[in-house]
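These protein sequence lines map, in sequence, to chains A and B. Counted from 1, the first sequence has number 247 at position 247 by our numbering; the numbering is strictly sequential. Counted from 1, the second sequence has number 272 at position 272 by our numbering; the numbering is strictly sequential.
Hints should not be assumed to be uniformly reliable.
Unchecked claim - With a straight-line Cα cutoff of 30 Å, these simulated DSSO-like cross-link-like pairs (lysine-lysine) come out:
| hint | chain 1 | residue 1 | chain 2 | residue 2 |
| --- | --- | --- | --- | --- |
| 1 | B | Lys-15 | B | Lys-137 |
| 2 | B | Lys-293 | B | Lys-57 |
| 3 | B | Lys-137 | B | Lys-242 |
| 4 | A | Lys-37 | B | Lys-244 |
| 5 | B | Lys-135 | A | Lys-10 |
| 6 | B | Lys-71 | B | Lys-57 |
| 7 | B | Lys-137 | A | Lys-10 |
| 8 | B | Lys-135 | B | Lys-16 |
| 9 | B | Lys-135 | B | Lys-57 |
| 10 | A | Lys-10 | A | Lys-163 |
| 11 | A | Lys-163 | A | Lys-177 |
| 12 | B | Lys-243 | B | Lys-135 |
| 13 | B | Lys-15 | A | Lys-163 |
| 14 | A | Lys-37 | A | Lys-10 |
| 15 | B | Lys-71 | A | Lys-163 |
Everything labelled a hint here was simulated from the structure, so no lab data went into it.
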Amino acid sequence: MFDLLVRSPKFIFGTAIVLAIILFGIIGPVFTRDPLKPNPHHVAESPSGVYILGTGDLGEDLFAQLCMGTRNSLMIGAIAGGFATFVGVLVGGIGPYKSGLADETSNAFTNVVMVFPMLPLLIVLVALFGGGNASMFLVATLIGLTSWPWAARCIRSQVLTLKEREFINVARMSGVKGRKIVITEIMPNMLAYIIIVFVVSLSIAILTEAGLSMIGLGPDPSSNVTLGTMLDFLGTGSTSIALPWNYWWAFIPPGLVLTIFLLGVFIMQSGMDEVFNPRLRRV
Amino acid sequence: MKNPFAHPFAKFVLKKLFFYLVVTFIALNFIFLIPRLMPGNPIDQMIPPGTTDPGRKSLRAELGKYFGLNKSRSEQYVDFWLNLLRGNLGLSMDFRPVATVVMEKLPYTMVLVVPVLLVGFFVGNWIGARAAYIKGKLSEAIYFASIFASQMPFYWFAMVILFLLAVKLPIFPTGGTFSPLFIPPLHSPVEVFLDALPHYGLPFLTLLIITTGGWASGMRAMTLYELDSGYILYARQLGFRKKKLMSYARRNAILPQFTGLNVNLNNLIGMTMIIEMVFRWDGVGLVALNAIKSRDYFLILGTFLITMVVVVIGNFLVDIAYGFLDPRIRTGREG
Numbered sequence: 001m002f003d004l005l006v007r008s009p010k011f012i013f014g015t016a017i018v019l020a021i022i023l024f025g026i027i028g029p030v031f032t033r034d035p036l037k038p039n040p041h042h043v044a045e046s047p048s049g050v051y052i053l054g055t056g057d058l059g060e061d062l063f064a065q066l067c068m069g070t071r072n073s074l075m076i077g078a079i080a081g082g083f084a085t086f087v088g089v090l091v092g093g094i095g096p097y098k099s100g101l102a103d104e105t106s107n108a109f110t111n112v113v114m115v116f117p118m119l120p121l122l123i124v125l126v127a128l129f130g131g132g133n134a135s136m137f138l139v140a141t142l143i144g145l146t147s148w149p150w151a152a153r154c155i156r157s158q159v160l161t162l163k164e165r166e167f168i169n170v171a172r173m174s175g176v177k178g179r180k181i182v183i184t185e186i187m188p189n190m191l192a193y194i195i196i197v198f199v200v201s202l203s204i205a206i207l208t209e210a211g212l213s214m215i216g217l218g219p220d221p222s223s224n225v226t227l228g229t230m231l232d233f234l235g236t237g238s239t240s241i242a243l244p245w246n247y248w249w250a251f252i253p254p255g256l257v258l259t260i261f262l263l264g265v266f267i268m269q270s271g272m273d274e275v276f277n278p279r280l281r282r283v
Numbered sequence: 001m002k003n004p005f006a007h008p009f010a011k012f013v014l015k016k017l018f019f020y021l022v023v024t025f026i027a028l029n030f031i032f033l034i035p036r037l038m039p040g041n042p043i044d045q046m047i048p049p050g051t052t053d054p055g056r057k058s059l060r061a062e063l064g065k066y067f068g069l070n071k072s073r074s075e076q077y078v079d080f081w082l083n084l085l086r087g088n089l090g091l092s093m094d095f096r097p098v099a100t101v102v103m104e105k106l107p108y109t110m111v112l113v114v115p116v117l118l119v120g121f122f123v124g125n126w127i128g129a130r131a132a133y134i135k136g137k138l139s140e141a142i143y144f145a146s147i148f149a150s151q152m153p154f155y156w157f158a159m160v161i162l163f164l165l166a167v168k169l170p171i172f173p174t175g176g177t178f179s180p181l182f183i184p185p186l187h188s189p190v191e192v193f194l195d196a197l198p199h200y201g202l203p204f205l206t207l208l209i210i211t212t213g214g215w216a217s218g219m220r221a222m223t224l225y226e227l228d229s230g231y232i233l234y235a236r237q238l239g240f241r242k243k244k245l246m247s248y249a250r251r252n253a254i255l256p257q258f259t260g261l262n263v264n265l266n267n268l269i270g271m272t273m274i275i276e277m278v279f280r281w282d283g284v285g286l287v288a289l290n291a292i293k294s295r296d297y298f299l300i301l302g303t304f305l306i307t308m309v310v311v312v313i314g315n316f317l318v319d320i321a322y323g324f325l326d327p328r329i330r331t332g333r334e335g
C-alpha cells in the first residue's frame with residue numbers, strides 16, 4: 001500500500017504541507033519568546049522587525065503564540081484523533097468480522113450516533129464538564145468522544161472490501177480463526193488507510209477545537225495557547241477587541257495556518273482516494 | 001382491500017420513522033444522563049458565590065427539592081419523561097420556561113438554516129456540474145476556489161468577511177438582528193423585515209459560500225466520474241448532443257449528492273449556531289452562548305434538545321425525499 005501511495009504526486013504534495021506545519025509546531029516554540037508574557041510597552045503593535053506578527057492587546061508576541069498555538073493544536077488533534085481512530089478501529093474493524101448480532105449492533109449504533117449534531121453536543125459537553133476552565137486533555141478527549149463515528153464508518157467499509165479478497169478466503173479455508181485473520185491479515189493491509197483516517201480525524205479535531213475556543217469553550221486561555229484561543233473572539237483573547245480596532249494581524253495568521261493544514265490534509269486524502277479507488281484516477 | 005402498509009414505499013417510510021424514533025430516544029437519554037454525570041453539582045454552580053454557610057445550605061436544599069434532585073434516580077427518570085411529554089424543559093435562570101425561550105429564537109435560526117441548505121445545494125451542484133462540463137482553466141479555477149471555500153474554518157471566514165465587509169468597507173452592519181433602538185413589536189412586519197435584511201446578509205453569505213463550496217467540489221468530481229463511464233461514452237459514439245449527455249450525467253451524479261444532504265444538515269446546524277454567535281444574530285446559537293456565559297444548564301440542554309429535534313425531523317424529510325427520487329426505493333424493485 002505504501003509503495004503505491006508514495007507514487008501519487010497529490011499524496012506527496014499534501015503530506016509535504018502537513019509535515020511542514022508539524023515541523024513548524026515542533027521547532028517554532030524553541031526559538032520564540034514566552035507566548036503568554038504580557039508586555040505593557042508594546043500593546044497592540046502592528047507587525048515589525050522585532051515582533052514579526054505584531055502584538056496582542058496585552059503586548060503578547062503573536063508570532064510566539066502562533067508557534068506555540070500550532071504545537072498545542074496539533075497535540076489536541078493527536079489526542080482526539082488517536083482516540084477517535086482507536087474507537088473507530090474497535091467498532092468498525094471488529095464488527096464486520098463477527099458477522100451477525102455484534103455487527104448489526106455496532107453498525108446500528110454508529111448510524112444512530114451519526115445523526116447527532118456533534119458541534120451542539122460538544123458545546124453542551126464542554127460547557128458542563130469543563131466549567132469554563134477546561135484542560136487541553138479534557139477538551140481533546142471530549143472531541144475524540146464525539147468524532148469516532150466517521151472513523152468507524154470509513155474503517156468498516158474498508159474492512160468489508162478487504163474481507164472479500166482471495167487471500168482472506170485462503171486464510172479462512174486453511175482454518176485460521178476470525179480474530180486472528182483480523183489481526184494478522186486485515187489490519188496490516190489497512191495500516192496505511194488507518195493512518196490516513198487518523199490524520200483526517202486529527203485535522204477535524206483541530207478545526208473543532210479552534211471553533212470551541214473561539215466561543216470561549218476551549219482550553220483555559222489564561223494558561224494555554226492554541227490556534228483557537230488566538231481566535232478567541234467572543235471570550236477574552238487577543239482578538240476580542242481586534243476586529244473593531246482593525247488588528248488584522250491578530251486573527252488572519254492563525255486562520256491561515258489552519259486553512260493551509262486542512263488543505264494539505266485534503267490533498268493528501270484525495271491522493272489516497274485515487275490509490276484505494278482506481279477508477280477515480282482516470283478523472 | 002389492499003393493506004396500505006404493504007406498499008414498499010410505505011414500508012420504507014415506516015422503517016425510517018422507527019430508526020429516527022430510536023435516535024430520539026437515545027439522544028433524550030443522553031440529555032438525562034449528561035448533567036448527572038458531570039463533575040460537581042449543578043446546584044452548587046447556581047448559588048451565587050460568596051453566600052455564607054447557613055443560607056447556602058438552606059438554599060441548596062431548597063433548589064435540590066425544586067429540581068427534584070432529592071428523589072431517587074429512577075423517580076427522576078420517570079419525572080424527566082413526564083415533563084418532556086408535557087413540553088416542560090424546566091426554567092431558565094431568569095425564570096422563563098426553557099421551551100418558550102428556545103422556541104422564540106428557533107425561527108431566527110431556521111431562517112438561516114433552510115435557505116442556506118436549499119440555495120447552497122442547488123447553486124453548488126449547478127456550479128459543480130458546469131465546472132465538470134466546461135473543463136479547462138476556468139473549471140480548474142472553480143475547483144480550487146470551491147475546495148478552498150469548503151476547507152477553510154467557517155468561523156474564521158466569518159471573521160474575515162466581517163472585517164472586510166463591515167469594518168473596512170462598511171457595507172453591512174457589524175452584527176445584531178435589528179438596528180440599535182429598533183423595537184420590532186412597534187413596527188409593521190414589512191419594516192421589521194427591511195430592518196433585519198442587512199443584518200441577515202453577512203451570516204447568510206458566510207454560510208452559503210462555505211456550503212456551496214462543498215457541494216460544488218463534490219458535484220464536479222461526481223459529474224466527471226459519470227461523464228467517464230461506459231453509458232456516456234457509448235451515447236457519445238452514437239452521436240448524442242452534448243447537452244443531452246450532460247443531462248444524463250447530471251441526473252446520475254446528483255443522486256449520491258442527495259445522500260450528503262443529511263450530513264450537511266447536521267454540520268450546518270452546528271455551523272449556524274457559531275455563526276450566530278459571531279454576528280450576534282438572535283437565534284438558538286446566541287441563546288446557547290449567553291446560557292454558557294451565565295452557566296444556565298437547563299437552557300444549554302434545551303438548545304441542544306431543540307437542535308436535536310430539528311436535525312431528526314430534517315434527516316427524516318431528506319430520507320423520504322431521497323426515497324421518492326430513487327425509483328428503486330419508490331417502487332421497491334431492485335435496479
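Hints, one by one, checked against the model:
no., hint, result
1, B/Lys-15 x B/Lys-137, "violated, 47 Å"
2, B/Lys-293 x B/Lys-57, "holds, 25 Å"
3, B/Lys-137 x B/Lys-242, "holds, 20 Å"
4, A/Lys-37 x B/Lys-244, "violated, 65 Å"
5, B/Lys-135 x A/Lys-10, "holds, 20 Å"
6, B/Lys-71 x B/Lys-57, "holds, 18 Å"
7, B/Lys-137 x A/Lys-10, "holds, 19 Å"
8, B/Lys-135 x B/Lys-16, "violated, 40 Å"
9, B/Lys-135 x B/Lys-57, "violated, 73 Å"
10, A/Lys-10 x A/Lys-163, "holds, 28 Å"
11, A/Lys-163 x A/Lys-177, "holds, 14 Å"
12, B/Lys-243 x B/Lys-135, "holds, 15 Å"
13, B/Lys-15 x A/Lys-163, "holds, 28 Å"
14, A/Lys-37 x A/Lys-10, "violated, 41 Å"
15, B/Lys-71 x A/Lys-163, "violated, 52 Å"
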